[in-house]
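Protein chains: 2
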Amino acid sequence: MYIAMNRFKIVPGREKDFEKIWKERETHLDNVPGFIEFHLVKGCKEETHTLYASHSTWKSEDDFSNWTRSEAFRQAHRGAGQHSDVYLGHPVFEGFKVII
Amino acid sequence: MYIAMNRFKIVPGREKDFEKIWKERETHLDNVPGFIEFHLVKGCKEETHTLYASHSTWKSEDDFSNWTRSEAFRQAHRGAGQHSDVYLGHPVFEGFKVII
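Note that the protein sequences, when read in sequence, are chains A and B. As numbered in the numbering used here, residues 3 to 102 make up the first sequence, in order. As numbered in the numbering used here, residues 3 to 102 make up the second sequence, in order.
So that you can see chain A by itself, here it is in the shape it has in the complex (with noise of 0.2 Å):
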């Protein structure tokens, strides 16, 4: 099993609109082989900015890279660069293989 995460950093205040932007997003994952589910989860609150990330399971980490290159993935995708007033920056990618 394989948990891919990427870490958001929202700007203070924005925390709302940035959730609203996931509730209303169309992830396309349903049918992906190997996608297990799907969390949007939120951290810890600094002064600069709130933590948040995507949280997703899969079998492996080859069904995760398969549809990181796949047509769901560019149509999951779309329109990423809108919104951008809400994030400090860019994503951070972490990918954890389950060992237990």
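Check before you lean on any hint, since a few could be wrong.
Mimicking DSSO-like on lysine-lysine, the simulated pairs with C-alpha atoms at most 30 Å apart in a straight line are [as the list claims (entries may be wrong)]:
#, chain 1, residue 1, chain 2, residue 2
1, A, K22, A, K44
2, B, K11, A, K44
3, A, K18, B, K61
4, A, K25, A, K99
5, A, K61, B, K61
6, B, K61, A, K44
7, B, K22, A, K99
8, A, K47, B, K61
9, B, K18, A, K61
Keep in mind the hints are simulated off the structure, nothing from the lab.
The hints should help you fit chain B onto chain A, whose structure is shown.
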């Protein structure tokens, strides 16, 4: 739902030792109220260390907080100071509230 992650930096070459410690460890989590599941996950390998994280899922943040004050928590962390030679520095905690 709530996800609790504790990030560990492991000395290069000691990854298998670290995984063995966790595989042999008794987490005492099975009967804890609100506990859903536990994983040990492996992140990226840097020049100075390999990133790992404990990754536990809970019904709520309160359930997690209650556990950290419980006898089960104390039992699970008995001898936590052992094996300190596999770690680079202290673990770093991050908690995430599930929004979607």
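Each hint tested on the structure:
1. Using a Cα cut-off of 30 Å, the hinted pair K22 of chain A and K44 of chain A holds, with the two alpha carbons roughly 13 Å apart.
2. Proximity of K11 of chain B to K44 of chain A is assessed by CA-CA distance (about 23 Å); at most 30 Å being required, the pair is judged to hold.
3. For the suggested pair K18 of chain A and K61 of chain B, the alpha carbons sit about 22 Å apart, so the restraint of at most 30 Å is met.
4. Of the supplied pair hints, the one linking K25 of chain A and K99 of chain A holds, its CA atoms being roughly 27 Å apart against a limit of 30 Å.
5. Note on K61 of chain A and K61 of chain B: the hinted pairing holds, with a Cα-Cα distance of about 23 Å set against a maximum of 30 Å.
6. Annotation: proposed proximity of K61 of chain B to K44 of chain A holds, straight-line Cα distance about 15 Å (limit 30 Å).
7. Straight-line distance between C-alpha atoms of K22 of chain B and K99 of chain A comes to about 16 Å, which keeps the hinted pair within the 30 Å bound.
8. As the CA atoms of K47 of chain A and K61 of chain B are separated by approximately 21 Å, the hinted pair is consistent with the 30 Å bound.
9. Using a Cα cut-off of 30 Å, the hinted pair K18 of chain B and K61 of chain A holds, with the two alpha carbons roughly 22 Å apart.
In summary, the structure agrees with every hint in the numbered list given earlier.
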